[in-house]
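**Student:** These are the residues of each chain, in order.
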Amino acid sequence: AQSVTQLGSHVSVSEGALVLLRCNYSSSVPPYLFWYVQYPNQGLQLLLKYTTGATLVKGINGFEAEFKKSETSFHLTKPSAHMSDAAEYFCAVTAYGGATNKLIFGTGTLLAVQP
Amino acid sequence: NAGVTQTPKFRVLKTGQSMTLLCAQDMNHEYMYWYRQDPGMGLRLIHYSVGEGTTAKGEVPDGYNVSRLKKQNFLLGLESAAPSQTSVYFCASSFTGLGNQPQHFGDGTRLSIL
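Heads up: the protein sequence lines correspond to chains A and B, in order. The opening position of the first sequence corresponds to residue 1 in our numbering, with each subsequent residue numbered one higher. The opening position of the second sequence corresponds to residue 1 in our numbering, with each subsequent residue numbered one higher.
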């Protein structure tokens, strides 16, 4: 069965500092991995996804993530945090089986950006 | 282009009352999903649909029913609301059920059961 673990439910960084949000997955088959962002009182927006090919994936708003099979990780990074990056971030992996493939979400990481 | 629209955005119910949450998408997507989001638990799948006229149970289906009479609409019903169903409900859709397809989300319905 597939699962996702996000380390750190709350992360605080200073504006301009590196953002690193951790995600580890478990999957018995090659995974499809996603990062979503949720701004206050809004739905989830896709930041980026890994399916196949290049292991370094670039997304919107300057975010990127690297798929590391040996470490079963898909950590999200951004070189320089901006105040507008304050939001909750969810890592997700595709779960197979049943009538359709489904997404399994991590518990989320709330990112605070300090001025 | 509205994407995925959920109504209502907020609702307060008393225990035992019933209500229906509506999800509408204008992207001609085949697959639709209902999730609930609770603090510290991420999103959990309640029910989903792989096409008009079909529904299936997800991870936490108890206490909920769904219907997909039209391709663009997916309704979530609570027949007898309980305080444990206080949550934020999200609808999502995708063009196919392939594992590499992202899901598109609505802005959520915040439901409180007193």
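Hints should not be assumed to be uniformly reliable.
[Said to hold, decoys possible] Computed footprint of chain B on chain A; a stretch qualifies when at least three of its residues, placed anywhere within it, have a C-beta under 8 angstroms from a C-beta of chain B:
| no. | segment |
| --- | --- |
| 1 | 10-23 |
| 2 | 44-50 |
| 3 | 56-65 |
[What the hints assert, rightly or not] A few chain B residues that face chain A, going by a derived Cβ cut-off under 8 angstroms, partial list only:
| no. | residue |
| --- | --- |
| 4 | L22 |
| 5 | A24 |
| 6 | D26 |
| 7 | M27 |
| 8 | G42 |
| 9 | L45 |
| 10 | G77 |
| 11 | F95 |
| 12 | Q103 |
What the hints contain is simulated information worked out from the structure, not anything from laboratory work. From the three backbone atoms N, C-alpha and C, an ideal C-beta is built for every residue, glycine too.
**Student:** So, for every hint listed, does it hold in this structure?
**Tutor:** Hint check:
Counting residues of the segment 10-23 of chain A whose C-beta lies closer than 8 angstroms to any C-beta of chain B gives 0; at least three are required, and the coverage claim is violated. Counting residues of the segment 44-50 of chain A whose beta-carbon sits less than 8 angstroms from any beta-carbon of chain B gives 4, enough to reach three: the coverage restraint holds. Given a C-beta distance limit of less than 8 angstroms, the hint that chain B covers the segment 56-65 of chain A is violated, as 0 residues qualify and 3 are needed. For B:L22, the interface hint is violated, the least distance from its beta-carbon to any beta-carbon of chain A being 15 angstroms, above 8 angstroms.
A distance limit of 8 angstroms between C-beta atoms decides the matter here; for B:A24 the minimum to chain A is near 14 angstroms, and the interface restraint is violated. For B:D26, the suggested interface contact is broken, since its CB lies about 15 angstroms from the closest CB of chain A, more than 8 angstroms. The beta carbon of B:M27 is not positioned within 8 angstroms of any beta carbon in chain A (closest approach about 14 angstroms), and the interface hint is therefore violated. At a threshold of 8 angstroms, the smallest CB-CB gap from B:G42 to chain A is about 4 angstroms, leaving the interface hint in force.
Residue-level restraint check for B:L45 holds (minimum Cβ-Cβ distance to chain A is 6 angstroms; threshold 8 angstroms). Interface restraint check: B:G77 against chain A, minimum CB-CB distance 20 angstroms, threshold 8 angstroms, status violated. Below 8 angstroms, beta-carbon pairs count as interface contacts, and B:F95 has none with chain A, the closest being about 12 angstroms; its hint is therefore violated. A least Cβ separation of about 6 angstroms between B:Q103 and chain A falls short of the 8 angstroms threshold, and the interface hint therefore holds.
Violated hints, in rising order: 1, 3, 4, 5, 6, 7, 10, 11; the structure is consistent with all others.
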